[in-house]
Amino acid sequence: MHGRRVLRTARTLLALLPVALLAACGDDAVRAVPFDLSDSPACRAVAEHWPSTVGGLEPRVTAVQSTGVAAWGDPPIVARCGKLPPEPTTDPCIDIDGIDWVATELDDGTMFTTYGRTPAIEVLVPDAYDTAPLWLPAFGEAVRQVEQSLGECSSVTD
Numbered sequence: 057m058h059g060r061r062v063l064r065t066a067r068t069l070l071a072l073l074p075v076a077l078l079a080a081c082g083d084d085a086v087r088a089v090p091f092d093l094s095d096s097p098a099c100r101a102v103a104e105h106w107p108s109t110v111g112g113l114e115p116r117v118t119a120v121q122s123t124g125v126a127a128w129g130d131p132p133i134v135a136r137c138g139k140l141p142p143e144p145t146t147d148p149c150i151d152i153d154g155i156d157w158v159a160t161e162l163d164d165g166t167m168f169t170t171y172g173r174t175p176a177i178e179v180l181v182p183d184a185y186d187t188a189p190l191w192l193p194a195f196g197e198a199v200r201q202v203e204q205s206l207g208e209c210s211s212v213t214d
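In the numbering used here, the protein residues as written are 57 to 214.
No wet-lab data here; the hints were simulated from the structure. Only a predicted model underlies this, so the values are computations on that prediction, with no experimental measurement involved. One or more of the hints may lead you astray.
To be verified - Ranges of calculated distance between the beta carbons of each label pair, as one might list FRET restraints:
id: 1; residue 1: P193; residue 2: T146; range: 17 to 27 Å
id: 2; residue 1: D147; residue 2: S205; range: 16 to 26 Å
id: 3; residue 1: T109; residue 2: E143; range: 25 to 35 Å
id: 4; residue 1: D153; residue 2: G112; range: 13 to 23 Å
id: 5; residue 1: G207; residue 2: P97; range: 14 to 24 Å
Where is the CB? At the ideal position from N, CA and C, for every residue including glycine.
Input sequences plus hints: build the corresponding full structure.
Quick look at the structure:
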């Protein structure tokens, strides 16, 4: 029982880590940790299609060398490619322009992760932006570079 509690706490901390690292430290570069697969061929293809703007927000410089990480606006909306696909979950799943996204509420925003694609793409939207799912259509072209091959969400809501 104690081991499960430790594992659950560790998972929670790992989920919050990227959000905690978003603030710039002494410069304007956005800091975010790339996923292990962020420099894979699939993520390089995704990165070639990152949007030039997201809802009118201009791109930001990131403090990492990986093209699998990109950011827009202040506070930054951060996209990262290379995440392992999510396991089945009770978190809500939404379909935005034919792309399934699992939405996970965080303390200071919402984390959206593509469902059914390997590698997965994660988009972190801070609470400063209203109606978080409305920012996702900007990522459609980039996400479509990774084929949906692992199925669809079973509880998709439109």
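Exercise. Which hint numbers does the structure go against, in order from smallest to largest?
Worked result: Nothing - there is no hint that the structure violates, so all of them hold.
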